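Take a look at the letters that make up each chain.
Number of protein chains: 2
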Amino acid sequence: MNIRTIDWKDNRIRLIEQRKLPQELKYVNIGNLRSLWRAIKTLQVRGAPALGAAVALGIYLGVKGGDEDNPKAFSRKLDEAAKYLAASRPTARNLFYGIERVCAKAKANRHLPVARIKRIILSEALKVMEEDRVACRKIGINGSRLIKDGDTILTICNAGALATIDYGTALGVIYRAKTEGKKIKVFASETRPLLQGSRLTAWELHKKGIEVSVISDNTAGFLMREGKINLVITGADRIAANGDSANKIGTFNLALLAKYHKIPFYIAAPLTTFDLAVRSGEDIPIEMRSPEEVTKILLKKEVAPKGAKALNPAFDVTPAKFITAIITDKGILRPDYRRSIKKIFSQ
Amino acid sequence: MNIRTIDWKDNRIRLIEQRKLPQELKYVNIGNLRSLWRAIKTLQVRGAPALGAAVALGIYLGVKGGDEDNPKAFSRKLDEAAKYLAASRPTARNLFYGIERVCAKAKANRHLPVARIKRIILSEALKVMEEDRVACRKIGINGSRLIKDGDTILTICNAGALATIDYGTALGVIYRAKTEGKKIKVFASETRPLLQGSRLTAWELHKKGIEVSVISDNTAGFLMREGKINLVITGADRIAANGDSANKIGTFNLALLAKYHKIPFYIAAPLTTFDLAVRSGEDIPIEMRSPEEVTKILLKKEVAPKGAKALNPAFDVTPAKFITAIITDKGILRPDYRRSIKKIFSQ
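From first to last, the protein sequence lines stand for chains A and B.
Going by this note's numbering, the residue at position 315 of the first sequence is 696; the numbering climbs one at a time, nothing skipped.
Going by this note's numbering, the residue at position 184 of the second sequence is 565; the numbering climbs one at a time, nothing skipped.
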């Protein structure tokens with residue numbers, strides 16, 4: 382079964398409405414900037430690579446209408462769209478990458494007529510989307526070398542087709558391993574508060590015919606101690622120049638548990654997730670989300686006493702020293718990451 | 382506000398129906414063995430010390446009716462009740478302790494008339510209940526010495542009034558510290574799958590006027606890295622002769638995180654939670670509960686795809702080497718636990 386998370390159809394962005402999963406596979410069509418902003422904020426669309434493509438297309442949505450005879454007004458509109466989308470969510474590097482890519486392309490062509498620049502923006506956004514499809518498949522090929530037939534893999538959150546265009550990073554590695562005939566079993570950490578592990582990862586792995594069991598996030602240590610996990614693999618939202626990696630809250634816990642149990646801990650991410658301007662994880666901005674995501678299950682069922690306080694950071698940072706390898710579209714990076722990251726970006 | 386989790390009223394066990402919290406404070410009255418078994422199995426009542434008192438009273442419920450002229454039939458009935466309740470849940474030591482206490486007392490008095498033995502059983506069960514009330518307060522006094530004014534404490538699951546008769550073990554320490562005028566802030570790890578942290582711990586701390594914030598279980602590492610946690614304190618369901626401690630799934634993760642961040646990790650439990658017959662944590666039986674507790678939130682809202690598998694161990698074991706101290710009613714135990722536990726039991 383093919384899962385197409387983001388597509389460009391009839392001059393609109395078509396998204397899988399991820400809040401409806403796993404009960405319902407529903408699509409939403411986004412035709413303007415404000416709807417996209419809300420879709421990002423409320424996690425109708427999420428996952429760093431998916432966000433990158435969505436905002437790239439979003440910039441086009443922001444500038445496609447209106448006056449074509451006024452280059453200055455167009456340029457202002459472009460800047461506004463970029464600024465607006467950049468304020469949707471702070472952590473995923475790809476979101477900024479997607480905006481920067483199309484804006485830089487537009488600026489490089491600012492001498493052209495506005496109508497032409499618009500077409501160039503759309504074309505660049507579609508390229509961002511296509512490149513992610515290719516990158517994920519390369520991540521899959523590279524990462525699959527680390528997977529042995531019969532492995533049981535633990536993952537958290539969703540770094541699959543639903544976090545990218547149609548394939549996945551961490552789950553892309555698993556899909557590729559399966560294609561190569563390896564029998565894989567996956568434990569999906571449910572990933573509170575928003576349960577992307579049980580709602581999304583279990584859904585797509587199940588669809589793709591991969592054996593998956595859901596666990597509460599609390600169960601990771603238990604399974605490792607029992608010797609049930611061969612390796613951990615997760616995605617990333619932003620990777621600093623030293624290899625420190627921001628990913629869904631709870632990832633750091635898994636990395637520490639894996640280290641203690643001598644289990645390999647891998648990050649899978651395209652180069653577009655790296656942020657060389659950020660020296661270490663301490664400088665990665667961490668999104669704080671609504672306490673209600675914790676006190677009410679999926680913003681509905683109240684599970685804490687009325688008026689209870691809650692703290693809800695959406696990401697944490699895994700220090701590079703806990704990461705066995707970072708699987709990218711350009712190859713597998715190993716420590717020392719400061720060096721290996723620098724090298725791969727200078728090739 | 383006084384919270385009385387278990388009481389003996391009108392020849393029945395009166396329990397707070399914990400599945401209704403935090404929305405509703407409701408009591409249920411239990412008048413027979415089968416109802417008690419179901420109340421235990423479905424976690425209407427839970428928490429190791431509370432279970433100990435509940436089953437002690439339960440044995441009386443099991444033998445109180447029927448023929449009083451047949452000591453043999455009575456003895457058979459007693460054994461059956463003990464066996465039946467012992468099969469309700471496997472991990473908490475106190476459950477077996479409660480059963481053993483009243484059965485041993487009955488056996489020591491088997492020469493007496495059946496009616497008399499019954500009264501002795503009830504009296505012994507009430508004693509088990511009263512002793513827990515005293516033990517918890519002693520744990521509070523002993524443990525409060527480890528708490529400094531202004532401390533921020535992380536706990537998991539519920540080791541409070543709702544896990545005991547009316548005071549708590551881990552939370553008893555916090556209550557005592559408050560009584561002594563120390564200002565405490567608590568982070569309650571929500572404790573998936575059944576959310577005892579948000580539903581029960583946040584509820585009772587809030588009622589008692591202690592500042593509490595709920596976090597997803599994934600957030601513990603984040604907070605420790607940020608330097609926001611001064612100490613971790615949890616209850617225990619069974620403590621082996623070497624100090625290895627079984628407690629709610631996820632406790633081991635917290636202990637490892639605390640060790641890495643050089644944050645003290647304390648267990649608070651009465652001596653009745655220790656099982657000297659169990660040499661180490663490996664021999665503590667771990668209850669596996671229904672996968673549906675993971676795939677459906679509070680057994681209602683489905684959050685995993687239909688037919689998804691799940692694994693749901695209810696407890697994990699924290700190795701003694703991660704435990705800074707064990708706070709008991711008879712004092713604070715420090716490593717080497719094999720020695721300190723042996724010593725305290727031989728006093």
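Don't read these hints as lab results, they were simulated from the structure.
Being a predicted model, the structure only gives us computed values, none of them experimental.
Careful, some of the hints might be misleading.
As the list claims (entries may be wrong) - Covered by chain B, according to a simulated footprint, are these stretches of chain A (three or more residues, beta-carbon under 8 Å): (1) 386-397; (2) 484-496; (3) 503-512; (4) 676-684; (5) 693-705.
What the hints assert, rightly or not - SDA-like mimics (lysine to any residue), calculated; alpha carbons at most 20 Å apart, straight line: (6) 690/B with 677/A; (7) 690/A with 609/B; (8) 677/B with 405/A; (9) 643/A with 642/B; (10) 643/A with 640/B; (11) 677/A with 404/B; (12) 564/B with 515/B; (13) 589/A with 687/B; (14) 690/B with 590/A; (15) 609/B with 694/A; (16) 588/B with 589/A; (17) 682/A with 398/B; (18) 702/B with 642/B; (19) 401/B with 609/A; (20) 563/B with 606/B; (21) 640/A with 405/B; (22) 529/B with 687/B; (23) 682/B with 405/A; (24) 453/A with 405/A; (25) 609/B with 692/A; (26) 682/B with 402/A; (27) 724/A with 694/A; (28) 609/B with 677/A; (29) 609/A with 677/B; (30) 640/A with 687/B; (31) 682/A with 564/B; (32) 723/A with 677/A; (33) 566/A with 690/B; (34) 677/B with 673/A; (35) 499/A with 622/A; (36) 445/A with 491/A; (37) 609/B with 670/A; (38) 702/B with 606/A; (39) 640/A with 607/A; (40) 677/B with 404/A.
Just so you know, even glycine gets a beta-carbon here, dropped at the ideal spot from N, CA and C.
Hint check results:
no.: 1; hint: 386-397; in the structure: violated (count 0)
no.: 2; hint: 484-496; in the structure: violated (count 0)
no.: 3; hint: 503-512; in the structure: violated (count 0)
no.: 4; hint: 676-684; in the structure: holds (count 7)
no.: 5; hint: 693-705; in the structure: holds (count 4)
no.: 6; hint: 690/B with 677/A; in the structure: violated, 24 Å
no.: 7; hint: 690/A with 609/B; in the structure: holds, 16 Å
no.: 8; hint: 677/B with 405/A; in the structure: holds, 16 Å
no.: 9; hint: 643/A with 642/B; in the structure: holds, 19 Å
no.: 10; hint: 643/A with 640/B; in the structure: holds, 17 Å
no.: 11; hint: 677/A with 404/B; in the structure: holds, 12 Å
no.: 12; hint: 564/B with 515/B; in the structure: violated, 24 Å
no.: 13; hint: 589/A with 687/B; in the structure: holds, 14 Å
no.: 14; hint: 690/B with 590/A; in the structure: holds, 13 Å
no.: 15; hint: 609/B with 694/A; in the structure: holds, 13 Å
no.: 16; hint: 588/B with 589/A; in the structure: violated, 48 Å
no.: 17; hint: 682/A with 398/B; in the structure: holds, 19 Å
no.: 18; hint: 702/B with 642/B; in the structure: holds, 15 Å
no.: 19; hint: 401/B with 609/A; in the structure: violated, 35 Å
no.: 20; hint: 563/B with 606/B; in the structure: violated, 24 Å
no.: 21; hint: 640/A with 405/B; in the structure: violated, 43 Å
no.: 22; hint: 529/B with 687/B; in the structure: violated, 49 Å
no.: 23; hint: 682/B with 405/A; in the structure: holds, 14 Å
no.: 24; hint: 453/A with 405/A; in the structure: violated, 45 Å
no.: 25; hint: 609/B with 692/A; in the structure: holds, 12 Å
no.: 26; hint: 682/B with 402/A; in the structure: holds, 13 Å
no.: 27; hint: 724/A with 694/A; in the structure: violated, 32 Å
no.: 28; hint: 609/B with 677/A; in the structure: violated, 24 Å
no.: 29; hint: 609/A with 677/B; in the structure: violated, 24 Å
no.: 30; hint: 640/A with 687/B; in the structure: violated, 34 Å
no.: 31; hint: 682/A with 564/B; in the structure: violated, 32 Å
no.: 32; hint: 723/A with 677/A; in the structure: violated, 43 Å
no.: 33; hint: 566/A with 690/B; in the structure: holds, 12 Å
no.: 34; hint: 677/B with 673/A; in the structure: holds, 19 Å
no.: 35; hint: 499/A with 622/A; in the structure: violated, 33 Å
no.: 36; hint: 445/A with 491/A; in the structure: holds, 15 Å
no.: 37; hint: 609/B with 670/A; in the structure: holds, 18 Å
no.: 38; hint: 702/B with 606/A; in the structure: holds, 15 Å
no.: 39; hint: 640/A with 607/A; in the structure: holds, 15 Å
no.: 40; hint: 677/B with 404/A; in the structure: holds, 12 Å
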